[in-house]
Amino acid sequence: MSEAKVLIPDSAFVPAASAAAQAEPELPRALSFLEDSWRKLRKNKAAVVTLALLIIITTLAFLAPVLAPFDPNEQHLAHKNLPPKWPGVSLNGLNGTSEFRGRRIDAYALAKVPEDQYYLLGTDEFGRDLLSRCLWGTRISLTIAFIAAVLDLTIGIAYGLFSAMKGGRVDNAMQRALEILSGIPSLVLVVLMLLVFQPGIASIILAMVISSWIPMARVVRAEALKTKQMEYVQAARALGASEVKIALGHILPNISGIVIVRAMFSIPSAIFFETFLSFLGVGMRIPNASIGTLLNGGYKVFRLYPYQMFIPAAILCVIMLSFNLFADGLRDVFDPKMKE
Amino acid sequence: MSEAILRVNHLSVSFDTYAGTVRAVRDISFDLEPGETLALVGESGCGKSVTCRSVMGLLARNARVEAGEILFQGEDLLKKSNREMRAIRGGKIAMIFQDPMTSLDPTMKIGRQIAEAVTLHRKVSRGEAKRRVLELLQLVGIEEGEKRYHQYPHEFSGGQRQRIVIAIALAADPRILIADEPTTALDVTMQAQILDLMKEIQKKTGTSVIFITHDLGVVANVADRVAVMYAGRIVEIGTADEVFYDPRHPYTWGLLASMPTLATDDEKLYAIPGTPPTLIDPQPGDLFAPRNPYALEADKIAEPPLFPVSGTHFAATWLLDPRAPKIDPPEAIRRRARERGSL
Amino acid sequence: MSAEKNLIEVKDLTHDYTGGRGRPAVQRVSFAIREGETFGLVGESGCGKTTTGRMLVRLLEITSGSVRFDGQDITGLRGRELLDFRRQAQIIFQDPYASLDPRKKVRDIIAEGIDIHHLAQNRGDRETQVAQLLSSVGLRPEHLTRYPHEFSGGQRQRIGIARALATQPRFVVCDEPISALDVSIQAQVVNLLKEEQRRRGLTYLFIAHDLSMVKYISDRIAVMYRGRIVETGPSDLVYGNPLHPYTRSLISAIPLPDPESERSRRRIPYDQPEAAEDAELQEVEPGHFVLL
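Chains as they are written, first to last, in numbering that gives the first Met the number 0: chain F, 0 to 339; chain R, 0 to 342; chain H, 0 to 291.
No lab work stands behind these hints, which were simulated from the structure alone.
Be careful, since some hints might not be right.
Under the rule of at most 16 Å between Cα atoms (straight-line distance), these lysine to aspartate or glutamate pairs were calculated in the EDC-like manner [claimed, not checked]:
no., chain 1, residue 1, chain 2, residue 2
1, R, 267, H, 218
2, H, 4, H, 34
3, R, 203, R, 134
4, R, 198, R, 75
5, R, 91, R, 75
6, H, 104, H, 149
7, H, 193, H, 36
8, H, 193, R, 266
9, H, 103, F, 230
10, F, 44, F, 327
11, H, 193, H, 218
12, R, 202, R, 172
13, R, 325, F, 9
14, H, 193, H, 43
15, H, 4, H, 69
16, F, 244, H, 114
17, H, 104, F, 34
18, F, 244, H, 107
19, R, 267, H, 195
20, H, 103, F, 34
21, R, 267, H, 194
22, R, 299, F, 9
Here the structure is a predicted model, which is why all the values come from computation and not from measurement.
Take these sequences, add in the hints, and give me the full structure.
Now the structure itself:
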């Protein structure tokens, strides 16, 4: 206390100039919603790594027409079942040799492949380049994933929002309709559709149109019902805002985080759905490549040429894991049940 | 004056956040006498809750005690291990929270919840525990304890639930009861009952109470002594009469003058201008100065120390420095002193 | 103050969400609010005061009874007429944290009413109006591009007030606008509300549980208990000469910042069930009605 007395000069004991002029302190710059989300996402290492992986995979897959060294459907029967061969690598498994009756033989020389031609991931039973097929196949899978997300974001949101905003009897009827729709097993549906349509991407999408957006519609409805009670929505109503404006201008932006997370989670299950159907032979049409058809072809020759199954399986694993981990990270950001 | 049961010396607590370090409590000291009620009053973010959480050893994970000591019966609570603190918390020092809805387990009968608190700190037989629960229920004014023992929280009204929360806090006969806004969530009539109950219990058990609130009316009702907090510091501390009838700090003036009384009519209410500062890297000088119409140049240089007004009354304002110009408190404050007891 | 003209006339207003099975949240409530005055509605949580306020601005369904606004029955308004009523009757909410859309900038929050009712001639006019509103509630122009979560509770409440005033209303329901605020901020907001009332000739319904603040701000008061008005009259009479036992109990429970009077305070308990079905408000002195 005595110390302070020394510090303050006598001349300071006069009313302060411009007293109370700065009564409102400068607002500290708070983070905007996006900045804050990005900051939290960056803290999650798994999410950042998987995001990078997804960007790489997506870029590669969509550049398939440019990157693929061969036409994925072009058969080269002379070059069938060649193991992977990398230029300048002499590691067994990557040098174009395979075991044959206990001896290593150069499969490429045997098939009379030109010296400067390499199949980085080998070829399949029809001599098609596996690398090209994988690139194109991933492209198909990601397209399916993209369509699933779009369906979620259109039909799912529209249905859920409409149901929540209408409320009452309309809401009730719409929810019962959902229950009936979700009662239809999608596998049976696709098989039935084969009676009418050719197998292929169209019937897979049609099957997803019917049911894949249902979980999203439910989530949107539940969140919208909650948000509808918020005072800022009441305020908008008191201002005279129309129901459409309230739904699109106030409710949708405020549930967007949860919606995005949901959409991210629905992507891997859509990929899995397509793979599953194609593997069973009711999905993509031969000879078009997709991860499912590649797996199907690979498992038939698994004992002899294991790489033909391992490679597409690994790709599927990486994609699924990446989407799931990234969605997990997003959920921690947008939908934190345990807030920090 | 008897020996203080709790002595907080130069306590400073900070929080690490992404935006910087928040200096939530800055060098506060106070004593708590046996059997007295000390009210900590201030606005949200002034550090009153952080102070009490420090005493309870319940600070959030990003909090840091920068300096100071908290002496309970002569021992520094800040040096205790988690294990030792668990024994003290709920045993010697108990806490009541604001929301009676969330501080009870909705799936457990209230008898068991109170009994759990009884047996946690004392080895007693089941029958004995139950006897103690019934005794506590009676103490907090819940009738038909025998029947109520087997009911669930949702079968009680908000006020009764707060009574049960109090019973749980009292289960181990604490020496200190910390009440963090215990009546804020309640209606006025219910609040009045709980306040009466707390005073009555204090008379019976002799517990010391730290009462955190932002409501000056509640303070006037329960407090023996009052500490007014602003921006992490105690700016004025004294007996209730001293603080209410002879306040010295301009912030206390502002708080008291901004409450309408029966006499305030068409005139404009006095309002403290502006908003409280954020406590991230506070600028030097008195943090209240920007909102203080009585600020001195000295306030810009350094934070004022607590100047003694009487043996029990201190205020942290340069206006009390002998060199300061003489300034009369606003009319609303002088009227308080004249019309005490009939406001 | 234009003398004695009623802007709001409420008759036998009832809100019953139980569908006739339970006690209605608001039961046969009648009162009138004069143009330019502040009418205080007090009571404890669950007494129906908020429900009443929300019915007056048509945010909640009116089960029965009528509300007249400037002579026009607003109970069944739809479409254009409802929109026009909404422009004239606004509401300020209790919770400054829940009442502003967290995804909107302050500019767009305040301008929403201007946009809906096409009150601005062009973009420039819209900006000017928003800037004026912002400065009249004591915020600075640079705050326009900030998001609500960057503000303190008091500042947010002022943004809420600016939003309500943007449509140039005549009547504003203030639904506990200060109970979530800190003491030093409460007086600021009350002063702001009073100032805007004087400047714009506003009529307020001021809902609160804090009787001393209601008494200060209101010209007349109604006390609600379990869905009914038990006492109403000029605020001095209700506060100074409370006649209904519930009003007495309520007044006796308010703690005042005065230790000496607190020490001598005696609470008057009141624990009656709701008033008898056939009880009616009766005038006991000029303008002062009690449910008997």
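Now the hints, each set against the structure:
{"no.": "1", "hint": "R:267 - H:218", "verdict": "holds (15 Å)"}
{"no.": "2", "hint": "H:4 - H:34", "verdict": "holds (6 Å)"}
{"no.": "3", "hint": "R:203 - R:134", "verdict": "holds (13 Å)"}
{"no.": "4", "hint": "R:198 - R:75", "verdict": "violated (28 Å)"}
{"no.": "5", "hint": "R:91 - R:75", "verdict": "holds (14 Å)"}
{"no.": "6", "hint": "H:104 - H:149", "verdict": "holds (10 Å)"}
{"no.": "7", "hint": "H:193 - H:36", "verdict": "holds (10 Å)"}
{"no.": "8", "hint": "H:193 - R:266", "verdict": "holds (11 Å)"}
{"no.": "9", "hint": "H:103 - F:230", "verdict": "holds (14 Å)"}
{"no.": "10", "hint": "F:44 - F:327", "verdict": "holds (11 Å)"}
{"no.": "11", "hint": "H:193 - H:218", "verdict": "holds (12 Å)"}
{"no.": "12", "hint": "R:202 - R:172", "verdict": "holds (13 Å)"}
{"no.": "13", "hint": "R:325 - F:9", "verdict": "holds (14 Å)"}
{"no.": "14", "hint": "H:193 - H:43", "verdict": "violated (24 Å)"}
{"no.": "15", "hint": "H:4 - H:69", "verdict": "holds (9 Å)"}
{"no.": "16", "hint": "F:244 - H:114", "verdict": "holds (12 Å)"}
{"no.": "17", "hint": "H:104 - F:34", "verdict": "holds (15 Å)"}
{"no.": "18", "hint": "F:244 - H:107", "verdict": "holds (13 Å)"}
{"no.": "19", "hint": "R:267 - H:195", "verdict": "holds (13 Å)"}
{"no.": "20", "hint": "H:103 - F:34", "verdict": "holds (15 Å)"}
{"no.": "21", "hint": "R:267 - H:194", "verdict": "holds (9 Å)"}
{"no.": "22", "hint": "R:299 - F:9", "verdict": "holds (14 Å)"}
When held up to the earlier numbered hints, the structure conflicts with 4 and 14 and fits the remainder.
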